[in-house]
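Engineer: Chains as they are written, first to last, in this note's numbering: chain U, 2 to 552; chain V, 405 to 514; chain Y, 7 to 175.
Heads up, a few of these hints could be off.
[Said to hold, decoys possible] If you anchor each label on the Cβ, the simulated ranges turn out as follows:
no.: 1; chain 1: V; residue 1: Ser-484; chain 2: U; residue 2: Ala-438; range: 27 to 33 Å
no.: 2; chain 1: U; residue 1: Glu-31; chain 2: Y; residue 2: Asn-149; range: 22 to 28 Å
no.: 3; chain 1: V; residue 1: Ser-481; chain 2: Y; residue 2: Gln-139; range: 47 to 53 Å
no.: 4; chain 1: Y; residue 1: Pro-71; chain 2: U; residue 2: Gly-493; range: 48 to 54 Å
no.: 5; chain 1: U; residue 1: Phe-289; chain 2: Y; residue 2: Glu-17; range: 47 to 53 Å
[As the list claims (entries may be wrong)] Restricting the straight-line Cα-Cα distance to at most 25 Å, the calculated cross-link-like pairs of lysine to any residue (SDA-like) are:
no.: 6; chain 1: Y; residue 1: Lys-143; chain 2: U; residue 2: Thr-18
no.: 7; chain 1: U; residue 1: Lys-38; chain 2: Y; residue 2: Gln-145
no.: 8; chain 1: Y; residue 1: Lys-85; chain 2: U; residue 2: Lys-98
no.: 9; chain 1: Y; residue 1: Lys-143; chain 2: U; residue 2: Gly-30
no.: 10; chain 1: U; residue 1: Lys-98; chain 2: V; residue 2: Gln-458
no.: 11; chain 1: U; residue 1: Lys-292; chain 2: Y; residue 2: Tyr-152
no.: 12; chain 1: V; residue 1: Lys-468; chain 2: V; residue 2: Ala-437
no.: 13; chain 1: Y; residue 1: Lys-85; chain 2: V; residue 2: Gly-474
[To be verified] Computed footprint of chain Y on chain U, listed as stretches where at least three residues anywhere in the stretch have a Cβ under 8 Å from a Cβ of chain Y:
no.: 14; region: 41-47
no.: 15; region: 318-326
If you are wondering where the hints come from, they were derived from the structure by calculation, not from laboratory data. The beta-carbon is built from N, C-alpha and C at its ideal position, and this holds for glycine as well.
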Amino acid sequence: MYRYDEFDQSFVDQRVTQFRDQVSRRLAGELSEDEFKPLRLTNGLYLQLHAYMLRVAVPYGTLTAQQLRQLAHIARRYDRGWGHFTTRQNIQFNWIKLDEAPDVLAALAKVQMHALQTSGNVIRNTTADHFAGVARDEIEDPRIWCEIIRQWSSLHPEFSFLPRKFKIAVTGAPNDRAAVKVHDIGLRMHRNAQGEIGFEVIVGGGLGRTPIIGKTIRKFLPKQDLLSYLEAILRVYNEFGRRDNIYKARIKILVHEIGVEEMSRRVEEEWQTLRDGRLQLPADAIEFITKQFAPPHYPERPERVPALEALRLEDRDFARWLRTNVAPHRVPGYGIVTLSLKKGDVAPGDASAEQMEAIADLAEKFGFSEIRVSHEQNLILPHAALADLPKLWPALKVLGLDTANSNQITDIIACPGLDYCALANARSIPVAQRIMARFNELAQVHEIGELKIKISGCINACGHHHVGHIGILGVDKNGEEFYQITLGGHAGEDATLGSIIGPAVASDQIVEAVENLVGTYLDLRQEGERFLDTYRRVGNALFKERLYAAA
Amino acid sequence: MSAPVQKSKEKVALQAVTGNRLRDGAVIFRTRAGAWSTQLVDTETASNEIAAAQLLAAAEQDAKNAIVVGPYLFAVSDQSGELQAVTLRERIRAAGPTVIEAGIAAVQHI
Amino acid sequence: MPLLKNGRVSEDAWQKVPDDAPAPSYGPVILSLARWQAERQNFLGRNAAIGVHLKNTDDVAALQPDLDRIGLIVLDFPKYTDGRAYSQARILRERLGYTGELRASGNVLLDQLLIMQRAGFDAFVIDRPDAEQAWRKAQRAFNVFYQPTGDGRATIPELRRHLLHRAAQ
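Given the sequences, and given the hints that come with them, work out the whole structure.
Structural biologist: In structure tokens:
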């Protein structure tokens, strides 16, 4: 876990002081909304439908128990007692008051957190995969590089007014859980022929109005060149990215318009002027950050646990939970535990202050005080001993965090949608909840298997619907909520964008539609096929035929 | 935000002005008394384009005076006896989220 | 237009010459890039300082051959959200070694003074009564910075290494 030194702490403290001054000038009418808006956005404060929403950065989705407790405190003291975990590993508070926002930022700074650059046309929170540091297939912990990028990008004087927002993701494993191919810059760590670890640099991926898979502009970049190379890409984007149309302003449009070869050439040309400068990363600077992500000391814990085996045989829910919510850990005797925030009673990804505090306690007891936020809007205890699971699981049951549905049909990703968001065309949370209610039998959920439903309330695609196995996009048709369905999207290293299956369906038919699609899959699937596999084998046609025949 | 288009020969929809309160972001409506309220009930309505433009201009002055942020016109109807927003978006703004929040219960009306 | 430079507001001594107007016979003048490129020799022959006003779509490298003869470069922010001039400024200062006055004009907001200064600007066209106070506030807002620019400040990573090396001795 990265711990701030005096420099990092000074930086966030000074930022809070600066923002407090800006807020008081705004409230006194000395700053217009137009002048204040970029200042507010660069501190993560949006004006949404009902109130100001604060998006707090959770760098590379990693939290300490102390930080999670402080988030609970903020939820209680400054909001309505809950928070929402997002698809970019951040947390959002939906009912913040402007005149209290500086106090919220001060409370965050106390625990080495901030809301810097979680909004606006700036470099946003750099995300990693939520199993970083503990996954078996990992080559190197990507969070080291996320932290290096985080510092370099914080209040960068040249890149504070980009054409549009900029999102970077890093994967340290061949199995890409960070979805690097649908980011403005994706960095894939791997070894070259000499066995050295470096980055494949992928540029111009993204979802939204024009979803595109990113293109590789450099196959191997040595570690010491990372920041100078990123600076070159950002400079090319800052200079040549379109500014005439906000729907054409992302770097993906630039890459599409000039071509990947020309993009690569411009970046290399710019990079030649930067590579030998002060951005070069010396070994000891890398070491300083790397040390902070050293794994905890893992006491030896048994791989075979009689109590766990007994409970697995005795309790079918526990058996199911083990199957879906406990992933293999690098260290024998340990597991990566997903705490489902998808029970269906509240919005996917929402947690109450009480739940947050209880999870903090559990992390201290069962997980070296560390919690992760996944892109799938769940929380994770990344270092749970298998031998502790028979005690952990009942504690989760009490808190409503035990739903055994990780990566299953009811592990739905949904954006806040029209219930909260000023950009939305339709609601997404009630749709998610109705699907979850329809598929509330765990046996059926497990029978269906891996199926990722992602719901967005508008074309901005914060629910990542383009990369859902079933993607659902809310649209407004003559003032009514309708839902466009896409099939076959996938966010991993074999990333694909979903294809539209047919005309949008009405709100009161969307759950039936999902049922119908699941039914088609169950009828057609072959041994061992997940929904995505069956879809890739048979294609759109059969699914479409059955769906619209039933209508 | 722009107001919905009015066809002058047909029954004209009423318009009102809404925005968010600067200090705390609360959804507010401009009242007949020229103040701002979180309730739709005392909201000033305009039944023609000129009145609507005047109402919006007054609201924009309040924006300059750091009371409200981003005021705009929206369609309301009094057909049910009490004043209601016409679009789903504005009904949700007026009444709150349609889902139960993890911290407190929200209004469920749709 | 009043000019904020070195923390003080003053009137601008330079004269902007439109493309179709004759050049005045004396005094420092600001030309567009096109005019400068077309009449370079004439202006070099004048015994007065030369300034060039670039659009934020101009390639700053076009000035490279004459940077030591140019006393002022004006860069443009058509809207404060358009940040191209930040890159232009850094290239002029850090890659091309420009040492003359580098002026920000257009939609320049007081809350941008610090990052503009970091990018290399040392003068700002700004018509606000509180400009001098805003400049002082901007200078004091932060004393730690993560990124190297041409502003002469050490970065946090550099200070860190310095401390670590000192501790190791």
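Engineer: Hints first: check each against the structure and report whether it holds.
Structural biologist: Do the hints match the structure? See the list:
1. Here the CB-CB span from Ser-484/V to Ala-438/U is close to 30 Å, well matched to the stated 27 to 33 Å.
2. A beta carbon spacing of about 25 Å between Glu-31/U and Asn-149/Y agrees with the range 22 to 28 Å that was offered as a hint.
3. As the Cβ distance of Ser-481/V to Gln-139/Y is approximately 51 Å, the hint placing it in 47 to 53 Å holds.
4. Under the hint 48 to 54 Å, the C-beta atoms of Pro-71/Y and Gly-493/U, about 51 Å apart, fit the expected range.
5. At about 49 Å, the CB distance of Phe-289/U to Glu-17/Y agrees with the hint of 47 to 53 Å.
6. For the proposed pair Lys-143/Y and Thr-18/U, the alpha carbon gap of about 11 Å is at most 25 Å, so the pair holds.
7. A threshold of 25 Å between alpha carbons decides the hint, and for Lys-38/U with Gln-145/Y the separation of about 22 Å falls inside it, so the pair holds.
8. Restraint check: the Cα-Cα separation between Lys-85/Y and Lys-98/U comes to about 29 Å, which exceeds 25 Å; the hinted pair is violated.
9. Of the supplied pair hints, the one linking Lys-143/Y and Gly-30/U holds, its CA atoms being roughly 19 Å apart against a limit of 25 Å.
10. Using a Cα cut-off of 25 Å, the hinted pair Lys-98/U and Gln-458/V is violated, with the two alpha carbons roughly 29 Å apart.
11. Restraint check for Lys-292/U and Tyr-152/Y: the C-alpha separation of about 19 Å stays at or below 25 Å, so the hint holds.
12. About 19 Å separates the Cα atoms of Lys-468/V and Ala-437/V, which keeps this hinted pair within 25 Å; it holds.
13. This hinted pair checks out: Lys-85/Y and Gly-474/V have alpha carbons roughly 20 Å apart, not beyond 25 Å.
14. Only when three residues or more bring their CB closer than 8 Å to a CB of chain Y does the claim for the region 41-47 of chain U stand; here the count is 0, and the claim is violated.
15. Look at the region 318-326 of chain U against chain Y: 0 of its residues bring a Cβ nearer than 8 Å to a Cβ of that chain, fewer than three, so the hint is violated.
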